[in-house]
Amino acid sequence: MTTEQSERNGTQSNTETERRPQPSRSIFTVPTPIKQLFDRFPLLTYPANELPLRAPRHRDAHVLYIFATEEGARNGAPSYNPACLKWQTYLKFNDIPFRLVSSNNHASPSGALPFLLPSHESESIPTELSRATQPVPSAKLQRWTMNNSSSAVEEPGDLRYEAYLSLLDHRIRRAWLYTVYLSPNTTSLAEPLYILPSSTNPFVRLTLAHELRRAAEKELLKHSAVINADILYKEADEAFSALEMALGDDEWFFGNKKPGLFDASVFAYTHLLLDEGLGKGWVDTSLRDKVVGRRKLVQHRERILKAYYADSA
Amino acid sequence: MVLQLHVWGPAFGLPSIDAECTASVAYFNRIVPQAHWVLVADYDTSISPQNEYPLLIDGSTYVTGFTNIVSHLRNHHSGAYDLDYHLTSEQQTDRTAFVSFLQSAATPLVDLSLYVSSENYSAATSSSYTAILPWYLNYTIPPTRRDLARSRTAHLGLSSLDVSLQRDVAGPGSMSLGSDFEAAKRDAGIPTADTGAQPNMLSMGRGKGLQGFLSSPIYAARFKLDTLTNELLEPLFELLGKKDYLLEGGRPSSLDCLAFGYLATMFYPTLPQAWLKEALQLRYPRLVRYISRLREELLGREDIQAADVWTISSSKTKNEASITDTRNSVGLRLPWHPRSARPLHTTLKRATDEMVSNLPLVAKLLPQDAVIQASNTNISTTIPSSLPSPILMKTLRIFTAAIVGTFTGIAIVHRRNPRDGDLIFWALRPGGGGLGEAGDLLRALAYQLPR
Numbered sequence: 001m002t003t004e005q006s007e008r009n010g011t012q013s014n015t016e017t018e019r020r021p022q023p024s025r026s027i028f029t030v031p032t033p034i035k036q037l038f039d040r041f042p043l044l045t046y047p048a049n050e051l052p053l054r055a056p057r058h059r060d061a062h063v064l065y066i067f068a069t070e071e072g073a074r075n076g077a078p079s080y081n082p083a084c085l086k087w088q089t090y091l092k093f094n095d096i097p098f099r100l101v102s103s104n105n106h107a108s109p110s111g112a113l114p115f116l117l118p119s120h121e122s123e124s125i126p127t128e129l130s131r132a133t134q135p136v137p138s139a140k141l142q143r144w145t146m147n148n149s150s151s152a153v154e155e156p157g158d159l160r161y162e163a164y165l166s167l168l169d170h171r172i173r174r175a176w177l178y179t180v181y182l183s184p185n186t187t188s189l190a191e192p193l194y195i196l197p198s199s200t201n202p203f204v205r206l207t208l209a210h211e212l213r214r215a216a217e218k219e220l221l222k223h224s225a226v227i228n229a230d231i232l233y234k235e236a237d238e239a240f241s242a243l244e245m246a247l248g249d250d251e252w253f254f255g256n257k258k259p260g261l262f263d264a265s266v267f268a269y270t271h272l273l274l275d276e277g278l279g280k281g282w283v284d285t286s287l288r289d290k291v292v293g294r295r296k297l298v299q300h301r302e303r304i305l306k307a308y309y310a311d312s313a
Numbered sequence: 001m002v003l004q005l006h007v008w009g010p011a012f013g014l015p016s017i018d019a020e021c022t023a024s025v026a027y028f029n030r031i032v033p034q035a036h037w038v039l040v041a042d043y044d045t046s047i048s049p050q051n052e053y054p055l056l057i058d059g060s061t062y063v064t065g066f067t068n069i070v071s072h073l074r075n076h077h078s079g080a081y082d083l084d085y086h087l088t089s090e091q092q093t094d095r096t097a098f099v100s101f102l103q104s105a106a107t108p109l110v111d112l113s114l115y116v117s118s119e120n121y122s123a124a125t126s127s128s129y130t131a132i133l134p135w136y137l138n139y140t141i142p143p144t145r146r147d148l149a150r151s152r153t154a155h156l157g158l159s160s161l162d163v164s165l166q167r168d169v170a171g172p173g174s175m176s177l178g179s180d181f182e183a184a185k186r187d188a189g190i191p192t193a194d195t196g197a198q199p200n201m202l203s204m205g206r207g208k209g210l211q212g213f214l215s216s217p218i219y220a221a222r223f224k225l226d227t228l229t230n231e232l233l234e235p236l237f238e239l240l241g242k243k244d245y246l247l248e249g250g251r252p253s254s255l256d257c258l259a260f261g262y263l264a265t266m267f268y269p270t271l272p273q274a275w276l277k278e279a280l281q282l283r284y285p286r287l288v289r290y291i292s293r294l295r296e297e298l299l300g301r302e303d304i305q306a307a308d309v310w311t312i313s314s315s316k317t318k319n320e321a322s323i324t325d326t327r328n329s330v331g332l333r334l335p336w337h338p339r340s341a342r343p344l345h346t347t348l349k350r351a352t353d354e355m356v357s358n359l360p361l362v363a364k365l366l367p368q369d370a371v372i373q374a375s376n377t378n379i380s381t382t383i384p385s386s387l388p389s390p391i392l393m394k395t396l397r398i399f400t401a402a403i404v405g406t407f408t409g410i411a412i413v414h415r416r417n418p419r420d421g422d423l424i425f426w427a428l429r430p431g432g433g434g435l436g437e438a439g440d441l442l443r444a445l446a447y448q449l450p451r
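One line per chain: the protein sequences are A and B, in this order.
Numbering-wise, the UniProt record's numbering puts 27 at position 27 of the first sequence, and it's gapless, one number per residue.
Numbering-wise, the UniProt record's numbering puts 76 at position 76 of the second sequence, and it's gapless, one number per residue.
I should point out that these hints are in silico values taken from the structure, not numbers from a laboratory.
Please note that a few of the clues may not be correct.
Label pairs and their calculated CB-CB ranges [unchecked claim]: (1) A:A107 / B:S78: 33 to 39 Å; (2) B:S340 / A:P109: 53 to 59 Å; (3) B:V2 / A:T207: 48 to 54 Å; (4) B:T61 / A:S149: 34 to 40 Å; (5) A:P109 / B:R416: 54 to 60 Å; (6) B:P134 / A:D249: 23 to 29 Å; (7) B:T227 / A:M146: 15 to 21 Å; (8) A:N104 / B:T382: 24 to 30 Å; (9) B:R342 / A:A107: 37 to 43 Å.
Cross-link-like lysine to aspartate or glutamate pairs, in silico, EDC-like; alpha carbons within 20 Å at most [unchecked claim]: (10) B:K242 / A:E50; (11) A:K218 / B:E52; (12) A:K234 / B:D226.
Glycine included, every Cβ here is placed at the ideal spot set by N, Cα and C.
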C-alpha cells in the first residue's frame, strides 16, 4: 500500500466518521429539502382519537346491562323488562353503586339480560384477578351481591318463600308474557320497547316481531295445549290476591325490616303494570286492572319508587 | 245433575297416568257422593275446550285442569263440593301459593322420570299408554306428550337422561361365539368380563380419577336430579311437619289432593331408573307414609288395572245397572263409566288428522298456528303497528313468486326448444382421438380458425 493510498484512505475514513452519525441517527429523519418544504406549512396536531363507543370507560364502577332506553339508562330509570328491573331494584336495595347500560339479549354471555360486569376495584385477591372481570349472569347475581355488599340481608328462611315465589315466576310471568307479546298490547308495548329500537330495517323488524311472538307462544304452550287469556288472567288475579294477603299490613314481605329479593321481584311486575306511560300506554288493561285495585300492592310499589327511584323520576 | 270427569286412563295402579287427573279423581272421590259423578277414561281430547284432561263436564260447562275444576266446584253447587271450606283465608292464600309451587316444581320431575328418561319411557310409560289408548293413537299421543315433556325440561340441561343407556342386547347368533357366551353368562347371573355393560367400579371414570367419574353424564345428572328433587320435597316436608295433612285443620284439602297426584305419580310406578322413588324412600320416609295414608283415604286401597277399566269404558251399554255389575265383578270402586260412543267417521277423521299432523314433511306445510282464545273486553283504543302490514308482505311475496315463476318458465321453455344450428352439431360430434383433454382444447382452438 502506498502512502498516497493510505492518505486517501485516511481522509476517506475521516470524512466517513464525520458523515456517518447523521444518517444513522434515525432512518426516519426527514431529508432537508422535504423538511424545508414542510416547514413552510403550519403543523396541525389532531386531538387523540376517542375510544371506540363500546370500550368500557368507567372501569371503576359496576355496570349492569339491562333493557332500557338510552335516556333511561343515563338517568337510572327503572327498566321496562321485569327480569332486569328485579335485579336493578335488588342491587339498589343492597346499596351497591352501579351504572346502567342499555343492551339486548345478544350482548349477554348467557343469552339473557341482565348481567353485571364487576368493577376492576373489586379484585382484591390476586387469584381472583381473572375472575373478577367475568360477567355475572342473573342466576348468580344474588350470591355476588351477598359477597359484595356490606348491608346485604339473607333471604328469610320462610317456609312459604318458595311457594309465593312460584306464583310470581309462573302465574304472573305467564300472564305478563301473554299481555305484552300476544294480546293487543303488542303494538303499544312490545313493539316500541323491544322491536323498534333494535333495527330500522322493516324486514328485520318484522322477523324480530315474529320471533318474539313465537317465543312467547312456545313458552305458554309448554303449560297448556291452548292459550286461553281468561284462564291466564284469572290465575294471575289469584296470584296477586295471594301476594296481597301475604304482604298484609307489613312494610315488606315476610315481615322483613329491609326489602329483599322477594320485594324486588314483586315490584318488577307491579311497577311495570302500574306504569301508565310504559311504551305507548296500555291498550288491553286486563292484567293491569288486577293490580290497580290492590291497595297494599300499590302502596308497596310506591314505597319502593319513592325510596329508591326518586332521583330518576 | 251428574258431573262427568274425563281423565287419561289408569296406569301404575293409579286412576290415571297423569298427575293432575289422579288429583282430580282423588278430589271427587273424597267430596262428591258417588251417585253424583261419573268417571270416564277417555283419550279424545278434542271434546275438551283446551285439548287437555282432566275435563269436568257440568251440564253445558266444560272446565279443564285441576285448579279450574276445583275453583268451579267451589263457586258452583253452593259450595257443597268444596274441600277447602274449613280453611281460613290465610290458609286459602297459602293453598294458592303451594298449588302453584307444586305445579311448577313437580311437573318437571314427573316429566323427567316418566318421559325424558329414555329407559323409563320405553320400559314403563309407553307400555302403560298402550293399555289405555286405541292402537292408532299409540303412534301419536305418547310421542307428543314426550316431546312436550322434553321442551318443558330443556332448560334444566338434563338431556343426558334421554340417551339410551341400554346396550344393544342382540339375540343369539347375531354376534360372535364369544359374545354369545358372555350373554349366556349374563343371563345366568354370572358376572361377565364385559365391563362396559354396566358402569361398575372397575370402569370408574376410565382412568380420569374421581372427578372424571363424577362428571360422567349419569352421575352429573344424578346430582342435578337430587337438587331438583330436594327443591320440591324439602318445602313439602317442612310444610307437612308433624301434621297429618299439609294444611292445618285435620282434614285433607285440595292441596293434599294435588300433592297426592304428583307424589303418587312419582312414587308408585316401577321404573328401571327409580331415582325419585329412592329419594322419597331414603330421605323423606314421612312423605312416603303421607302418600300411602292419602291413597287409602282418598282412593281406597285398590290397585286399578287398566284392562278392567278398558272393558268398562269401551263397552256400548247404556244400562246403569249392567255397568255397576261389571264394575263390581272386577272390583272397581270408582264410578267408571263407558265413553260416549262416537260415530265412526269422527274416529276416522281423528285418526287421519293425528297421522297427517305427525308426518314429517306434510306437518311443516300445514298451518300450525297456536290456538289463542281471548275475549277482548278491556280494549280502550287500538294503536296501529309501525311494522310493514301483512298485506304489503303478502303482495311482496306474491310478486317475488311471480318473478321466480316467470324465469323458471322461460328456462324450461328454452331447454325444451334449444336453438338449432352449430350447437347441436357441436354436441353430436364424435369424441376426439387419443389426445384427451388436450385434444378438446386443440379442437376448440381449431374451431376458432376461419374456415
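Here is what the structure says about each hint:
{"no.": "1", "hint": "A:A107 / B:S78: 33 to 39 Å", "result": "violated, 57 Å"}
{"no.": "2", "hint": "B:S340 / A:P109: 53 to 59 Å", "result": "holds, 56 Å"}
{"no.": "3", "hint": "B:V2 / A:T207: 48 to 54 Å", "result": "holds, 52 Å"}
{"no.": "4", "hint": "B:T61 / A:S149: 34 to 40 Å", "result": "violated, 53 Å"}
{"no.": "5", "hint": "A:P109 / B:R416: 54 to 60 Å", "result": "holds, 57 Å"}
{"no.": "6", "hint": "B:P134 / A:D249: 23 to 29 Å", "result": "violated, 57 Å"}
{"no.": "7", "hint": "B:T227 / A:M146: 15 to 21 Å", "result": "holds, 19 Å"}
{"no.": "8", "hint": "A:N104 / B:T382: 24 to 30 Å", "result": "holds, 27 Å"}
{"no.": "9", "hint": "B:R342 / A:A107: 37 to 43 Å", "result": "violated, 54 Å"}
{"no.": "10", "hint": "B:K242 / A:E50", "result": "violated, 68 Å"}
{"no.": "11", "hint": "A:K218 / B:E52", "result": "holds, 17 Å"}
{"no.": "12", "hint": "A:K234 / B:D226", "result": "violated, 34 Å"}
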